[in-house]
Amino acid sequence: MHGVRRADPEGAPRGDPVGVGARRAQGRGLRPPVNRAAAGSARWIRALGIAAVVVALDQATKHWALGALSDDRTIDLVGSLRFNLAFNTGASFSMGSGMGPVFAVIVVVVVIALLRFIRTVPGRLNLFAAGIIVGGALGNLVDRIFRDGSGFLGGAVVDFIDLQWWPIFNVADIGVVGGALLLLVGTWRLGESSPREADADSSSGPEAV
Numbered sequence: 008m009h010g011v012r013r014a015d016p017e018g019a020p021r022g023d024p025v026g027v028g029a030r031r032a033q034g035r036g037l038r039p040p041v042n043r044a045a046a047g048s049a050r051w052i053r054a055l056g057i058a059a060v061v062v063a064l065d066q067a068t069k070h071w072a073l074g075a076l077s078d079d080r081t082i083d084l085v086g087s088l089r090f091n092l093a094f095n096t097g098a099s100f101s102m103g104s105g106m107g108p109v110f111a112v113i114v115v116v117v118v119i120a121l122l123r124f125i126r127t128v129p130g131r132l133n134l135f136a137a138g139i140i141v142g143g144a145l146g147n148l149v150d151r152i153f154r155d156g157s158g159f160l161g162g163a164v165v166d167f168i169d170l171q172w173w174p175i176f177n178v179a180d181i182g183v184v185g186g187a188l189l190l191l192v193g194t195w196r197l198g199e200s201s202p203r204e205a206d207a208d209s210s211s212g213p214e215a216v
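Take any residue in the sequence shown, note its place counting from 1, add 7, and you have its number in our numbering.
Think of the hints as simulated: they come from the structure by calculation, not from any bench.
Here a beta-carbon is modelled for each residue, glycine too, at the ideal position from N, C-alpha and C.
Hints are not guaranteed to be accurate.
Claimed, not checked - Pair ranges (Cβ atoms, derived):
#1 W172 <-> W71: 19 to 29 Å
#2 A120 <-> G198: 40 to 50 Å
#3 L55 <-> F153: 12 to 22 Å
The task is simple: from the sequences and hints, build the whole structure.
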């Protein structure tokens, strides 16, 4: 007559040494399946929220600059830093003057690419960086669409932050450049962590019997 199979302390039979069956029965120790589509959508929504904050801040400061710095007025701050109103029909930092429509199309392509990137690439830093890049790009795109200018997407971007040794820029430009730098740091950190995770997985593998 066969003996009764004994259970381990976790409630698992001898044939189930890790206790998966017992934990499944008790609802313990097993992670629910990850809904990747829902997770990607949540990241996308958070990034758009960050972008909306940047756009709002950018447009609010531009509105202030148009009122406070008209008639060639300037406001001196610290050292060479001052507020000085200027209008830019090119790219960020007054580069490529007159090529606003071309840069506007490039901005749309970059924004679409970043929104796809946000859904798939992990890391809170990458999420934040992509969000402020999108916000900065959209902030200047709003100017090109709605402000006075010549032709389609030819509106002049409002700039007012003047270092006097660098082209005049705005909050949107800070978002684009700062976000790009943070994105480089974030992707570098992901690249650094991947080899360590692979080494940890190999060192924690099953021992040879």
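Status of each hint after checking the structure:
1. W172 <-> W71: 19 to 29 Å: Given a distance of about 24 Å, which is inside 19 to 29 Å, the answer is holds.
2. A120 <-> G198: 40 to 50 Å: With a Cβ separation near 20 Å, A120 and G198 fall outside 40 to 50 Å, so the hint is violated.
3. L55 <-> F153: 12 to 22 Å: Since the Cβ atoms of L55 and F153 sit about 20 Å apart, the hinted range of 12 to 22 Å holds.
Going through the hint list in order, the structure does not satisfy hint 2, though it satisfies all others.
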